[in-house]
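Trainee: In case you want the letters, here they are:
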Amino acid sequence: MNRKKQHWIYASLGVAVVVLFFVGLVHGAVRIPLGDVIRILLGSYDGKEAWRHIVLESRLPQTVTALLAGGSLAVSGLMLQTLFKNPLAGPSILGISDGANLGVAIAMIYLGAASYLTTIIAALIGAAVVLLIILGFSRKVSSNVMLLIIGIMVGYLASSVISILNYHASADKVHQYVMWGMGDFSGVSLAKLPWMAGFSLAGLLGSLLLIKPLNALLLGESYAANLGIHVRRARVAILVCTGVLTAVVTAFCGPISFIGLAVPHIARLLLGSANHKHLLPVTLLTGSCIAQLCSILTVTPGSNTVLPLSAITPILGAPVIIYVIVNRKNLHYFN
Amino acid sequence: MPRVPAIETRNLRIGYTSRTGERIVHPDLNLKLFAGEVTALLGRNGAGKSTLLRTLCGLQPALSGTILIEGRLLGNYTPGELSAKVGIVLTEQTHAGGITVYELVSLGRYPHTGFFGTLGESDHEVIRLAIRSVGLSDKQERYVAELSDGERQKTFIAKTLAQECPIILLDEPTAFLDITSRIETMVTLRALAHRQHKAILLSTHDLDTALQLADRLWLQPAFDPATGEAGPMVCGTTEDLVADGSLSRFFGSDTLTFDPATRRLIARNEK
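Chains V and W, in that order, are what the protein sequence lines are.
So that you can map any letter, position 19 of the first sequence is 18 in numbering that gives the first Met the number 0, and since no number is skipped, the others follow by simple counting.
So that you can map any letter, position 149 of the second sequence is 148 in numbering that gives the first Met the number 0, and since no number is skipped, the others follow by simple counting.
Hint data in this document are derived by calculation from the structure and do not stem from the laboratory.
None of these values were measured; they are calculated from a predicted model.
Beta carbons are placed, not taken as given, at the ideal position from N, Cα and C, and that holds for glycine.
A portion of the hints provided could be inaccurate.
[Claimed, not checked] From the structure, some residues in chain W lie toward chain V, with a derived Cβ separation under 10 Å: (1) 56; (2) 71; (3) 73; (4) 77; (5) 109; (6) 115; (7) 116.
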């Protein structure tokens with residue numbers, strides 16, 4: 000593979016992350032100049048207290064959350080696509096996000112979850128249950144299309160249980176849940192950020208350690224086993240990482256569709272390779288950039304309205320998926 | 000001096016276990032596979048050639064009996080050790096179209112590399128040599144998806160060479176190939192067996208090429224569930240089996256006969 004092209008891709012993505020980070024801090028309902036933003040970050044700012052508050056309490060956590068959540072969703076989408084050998088796999092398609100949603104709904108409505116730790120654990124349990132169901136079926140059902148359909152059905156089941164729960168819940172609980180369900184990166188305060196960052200970085204670190212088995216799995220499970228990979232262990236490790244990444248993002252930011260599905264494809268197109276050694280880091284960085292871009296696009300300068308995140312992600316994601324499917328040349332990444 | 004077989008089986012019973020009990024594919028196999036030879040496994044569809052190959056490399060458990068890999072029990076190898084002994088080429092579909100030939104062959108180094116699979120200079124040397132052995136050096140930067148079926152088959156053979164395993168098992172390596180690639184693949188395998196002293200076992204339906212290029216034949220009979228018996232696996236050098244009429248007995252039927260002179264299966268003349 001072309002080494003020069005790789006360096007170029009890493010460099011541009013690195014620059015993009017940094018630029019988008021600062022755009023996220025500058026851009027918003029109130030315009031704060033870059034110079035002031037930097038001074039606020041460095042702690043040498045002695046201007047308006049409101050500005051300092053906006054940057055440190057609102058924009059900084061939102062930006063960091065978007066970068067981490069985007070990378071997390073994209074990486075879990077990539078791992079699921081490799082594991083299920085299916086280009087249309089992703090955390091939201093396989094019902095894993097819905098499982099996490101259901102966990103959060105139960106926690107919010109029945110346990111009155113005020114603590115974010117409860118929310119995370121609930122999301123994690125929900126995601127794990129769906130993962131176990133899919134894992135169980137994956138032993139019985141050999142066709143990946145069938146497995147995908149089972150995932151979608153499990154997702155519908157989870158959604159309908161959520162609807163029934165909402166029907167019986169009190170109005171304020173439902174409101175709380177609906178607000179969470181809109182999906183946005185602004186719900187994480189500076190105090191919660193270490194939790195979000197901790198779980199998310201742990202999941203990302205775990206997935207970076209899985210590059211070797213992921214590459215072997217490109218050849219299928221028999222070949223992977225013949226190469227000395229402990230397939231069952233690798234499968235569980237991949238699903239655990241995917242579960243943690245999806246659950247932590249869903250718990251803190253609500254359900255976010257399309258990033259997990261679309262970004263791995265964008266990364267493959269950029270890199271021109273399915274080798275996880277580079278595909279996984281590039282997917283991570285691309286996910287961060289795209290999520291942060293979406294996050295920036297939800298805010299209209301000079302107004303106080305914020306678009307829901309789920310209104311933006313499909314606009315970026317759907318054309319990519321259609322392009323990948325229509326342009327058969329790119330399908331070779333899966334053949 | 001008696002040679003230690005690369006693979007030896009004693010009273011090996013292969014098949015599947017399900018809730019309803021065992022489904023036996025063959026009840027009693029006593030086989031010896033030797034290094035430096037190409038052995039072709041012939042048999043009708045459903046005779047269980049794939050089952051035998053998958054059992055010999057540890058991908059599926061034997062129902063009973065013993066498998067020795069270079070004199071040591073298969074069960075006593077760790078997955079890592081076994082992957083450095085037996086390499087496989089299968090018919091199953093892979094999703095490796097988006098990596099290059101070089102990258103695919105380098106996956107063969109996995110048994111010899113550490114946790115992260117980092118390749119050293121000696122690994123790269125082995126990979127280059129493996130690709131050269133199958134004659135794909137000029138295509139090593141191509142995507143696997145861009146290869147012809149024959150080239151893809153050779154890439155997977157090169158992967159087993161990068162594994163540096165003394166035993167290579169191939170499940171119908173020539174199945175989807177045109178006649179030229181079929182013979183090329185067989186010639187490549189023969190060269191590997193004779194020059195690099197590999198033990199090569201391949202299943203095939205291609206009788207012509209097998210008779211021309213395999214050193215030894217294993218004729219696997221189908222298991223008859225009604226009688227609960229299967230004939231013994233017929234093993235021998237290609238010349239002996241042609242000469243002693245084994246091939247005629249194995250393939251002969253009401254409609255077919257094996258002609259030792261032309262070494263072909265021919266339809267019986269209607270009289």
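Trainee: All hints, please: hold or fail.
Mentor: So, going through the hints one by one against the coordinates:
1. Interface restraint check for residue 56(W): the shortest CB-CB distance to chain V comes to about 6 Å, inside 10 Å, so the restraint holds.
2. Against a cut-off of 10 Å between C-beta atoms, the interface hint on residue 71(W) is violated, since the closest Cβ of chain V lies about 17 Å away.
3. The restraint placing residue 73(W) at the interface with chain V is violated, with a minimum CB-CB distance near 13 Å, outside the 10 Å limit.
4. For residue 77(W), the interface hint holds, since its Cβ comes within 10 Å of a Cβ in chain V; the closest pair sits about 8 Å apart.
5. Against a cut-off of 10 Å between C-beta atoms, the interface hint on residue 109(W) holds, since the closest Cβ of chain V lies about 4 Å away.
6. Taking 10 Å as the C-beta contact cut-off toward chain V, the hint placing residue 115(W) at the interface holds, the least distance being around 6 Å.
7. Interface hint status for residue 116(W): upheld, as the beta-carbon distance to the closest one in chain V is roughly 4 Å, under 10 Å.
Against the hints set out earlier in the document, violations occur for numbers 2 and 3.
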